[in-house]
Amino acid sequence: MVTLEELKDAISARVLPNSRLIRVEAVAGSPVEAVKIANHLAEAYQEVDRERARKSIQAIIDFLDKKIEETRQQLQVSEDKLAQLARDMQILLETNALVAKASRLEELLAEAQVDLEDTKAQLATVEKFLAGVKQDLFEKFAGPEGRSLLLEITDKLALIRNIQKEIADMEQEREEALRSGDYIRAKELERDIVAKRERMEEEASQQFAVLEKLPQYEDLIKQQLELTLELQALENRVAVLERMKEEEIKKLIDSGIELGRVQRELDITEDLYTLLVTQYARARIAEMGELGTVEIVDPAEPPEGPIKPNKKLNLFVGFFLGLMGGVGLAFVREALDTRFRNQDEVRAALGLPVLGLIPRIPHHRRRWAYQEISEILLTHYKPGGRIHDAFSSLVFNLRMASPDKKLGTILVTGPEPGIGKSTVASNLALALAFQRKKVLLLEADLRRPVLDRVFDSDDAVPGLTEWVVGEARLEEIVRELHPEGYGPLHIIFAGRKPPSPADFFASQAFAEVLRRLAGEYEVVVIDAPPVHAAPEIQVLATQVDAVLFLVDAEHTDKRTARAAMEKLSQAHAPVVGAVINRAPPQYFGYYGYYYYRKRYHYYADESASSPFWKRLFTRGKGRNSANR
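Under the working numbering, the residues of the sequence shown are numbered 1 to 628, in order.
Heads up, a few of these hints could be off.
Straight-line distance between alpha carbons at most 30 Å, and here's what the computed DSSO-like set of lysine-lysine pairs gives [claimed, not checked]:
1. K8 - K312
2. K382 - K311
3. K497 - K382
4. K438 - K405
5. K187 - K165
6. K55 - K8
7. K8 - K438
Computed Cβ-Cβ distance ranges for the label pairs, DEER-style [stated by the list, open to error]:
8. K55 - G328: 54 to 60 Å
9. K497 - A349: 29 to 35 Å
10. G325 - P31: 35 to 41 Å
What the hints contain is simulated information worked out from the structure, not anything from laboratory work.
These numbers come from a predicted model, not from an experiment.
Each residue gets a CB set at the ideal place from its N, CA and C atoms; glycine is no exception.
Generate the whole structure from the sequences, applying the supplied hints.
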């Protein structure tokens with residue numbers, strides 16, 4: 001049974017570009033199973049979409065149902081309110097009465113305004129006429145009696161105007177009391193108004209009595225006074241009628257507004273209710289006919305063949321990744337490899353000519369034993385082979401490096417241990433012996449001597465140390481070797497390690513020993529310690545005729561070699577050239593590589609038939625000494 005996680009991993013979906021189509025893909029162990037998974041997934045998605053659409057419509061239906069109920073209640077309230085307003089016709093009658101009252105007030109206001117304008121015109125005429133005769137009035141009132149009379153008339157007129165103002169204020173207050181329904185207050189104000197009017201009439205009568213003293217102007221002044229009083233009364237009346245008209249119109253408007261508002265509210269509620277019911281019916285119909293928005297356009301079909309694994313693609317990707325990885329690894333290895341790659345790099349890094357290229361000698365065993373070491377000696381291979389040629393070339397290049405100088409003492413050293421220094425020194429001595437030179441191989445690596453194991457000697461003591469300190473004679477420490485086909489080879493082993501090798505080589509006794517050996521032998525080959533492992537090399541290197549600097553093509557680091565050369569240069573050592581040990585074929589160039597490859601199988605069989613060291617060691621100078 002397929003789990004949910006496995007099903008999720010087997011399904012993928014993506015939207016096709018520039019369309020609303022979704023492509024569903026399913027991966028399974030069989031074509032039929034893959035088709036079922038893809039089709040079932042599409043059908044399930046279609047059903048989910050339909051259910052989602054139905055839920056959306058159901059939410060709309062629930063909302064409409066709730067709103068319809070709320071609107072129904074609101075409609076009922078509006079209908080009840082309108083019925084309450086129209087239950088009887090009083091509102092209509094009241095409205096008609098308000099209209100009639102407002103019309104009557106409009107008529108009264110118009111009449112009052114006409115009377116007011118007429119009175120203003122009459123008053124203006126009288127005042128204009130009085131202005132024409134004012135000179136007579138001034139002359140009349142110029143005397144004391146006239147001024148007294150004029151003051152009396154003025155006081156009376158001022159009093160009458162004050163009474164008129166009080167009457168106007170009281171009439172306005174009475175109207176406000178009537179509007180507010182305070183009828184008691186309105187009745188009291190009415191009595192006060194009547195009293196004020198009676199007083200005003202009394203004051204006016206007194207005014208007219210005063211005017212009797214001016215009979216020639218009595219009619220004009222009396223007419224002016226009456227018109228002034230009438231004008232004041234008409235202005236008060238017009239103001240009162242305008243206020244009453246505005247109030248009645250406001251009542252009429254308020255009644256109409258309330259009725260209209262209720263009617264509009266009812267109409268709006270009815271329209272909303274109708275709309276909600278219509279939408280509700282449509283939603284019900286949509287719910288029953290909802291099919292969703294997802295349609296299966298193209299059902300899945302079985303594939304023509306398996307899609308995994310894509311062998312061609314995998315092969316191409318594997319090849320490409322392998323190629324890139326190999327190239328990248330090569331670049332990384334090239335960048336991290338600080339070894340010498342060819343002769344030019346050796347010359348450039350050390351500033352030395354390359355005097356010898358020693359090819360790698362194959363080992364048949366990987367144990368550190370003297371037999372294995374002895375197999376790489378020159379005597380183990382037949383003359384004319386690549387090993388002999390390499391060392392013969394080294395001897396020749398040494399002679400050419402200093403043609404005008406005898407190289408009586410040759411020191412072989414290198415930057416570090418393990419690069420084949422003792423092997424090269426031993427084979428160089430054998431190559432010189434092969435040319436019938438009187439050769440001595442001197443082991444000066446007192447810290448790590450190995451020549452006794454190379455030549456299978458069990459009597460390495462006494463050696464060089466014992467001779468220098470005076471504990472042995474030269475005849476007692478020299479081992480003589482007579483390989484077949486070679487001249488004699490003399491060897492002096494290191495002996496015991498002195499307390500201080502540096503002081504040992506710096507002593508006058510060692511210098512005397514070295515001079516004596518150089519006088520007795522044509523060539524003294526010295527197997528010296530490595531530069532970085534023994535500080536005494538800087539002392540020893542200054543006492544010889546030539547120094548060969550050995551580098552290992554497989555292991556020597558460029559920086560290590562340069563540092564060793566700097567030490568030798570600081571000591572002013574006579575370094576004549578470099579020797580590359582374990583050189584691969586590319587070091588020899590095209591011809592050397594061809595020669596190397598063609599003769600390799602032959603060289604593999606060029607070793608001697610039997611080891612020589614078990615029968616060739618003798619002590620002393622005679623050939624008949626006992627083998628060791």
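Against the structure, the hints come out as follows:
no. : hint                    : verdict
1   : K8 - K312               : holds, 27 Å
2   : K382 - K311             : violated, 55 Å
3   : K497 - K382             : violated, 36 Å
4   : K438 - K405             : holds, 18 Å
5   : K187 - K165             : holds, 19 Å
6   : K55 - K8                : holds, 27 Å
7   : K8 - K438               : violated, 88 Å
8   : K55 - G328: 54 to 60 Å  : holds, 58 Å
9   : K497 - A349: 29 to 35 Å : holds, 33 Å
10  : G325 - P31: 35 to 41 Å  : holds, 36 Å
In summary, the structure is inconsistent with hints 2, 3, 7 from the numbered list given earlier, while agreeing with the others.
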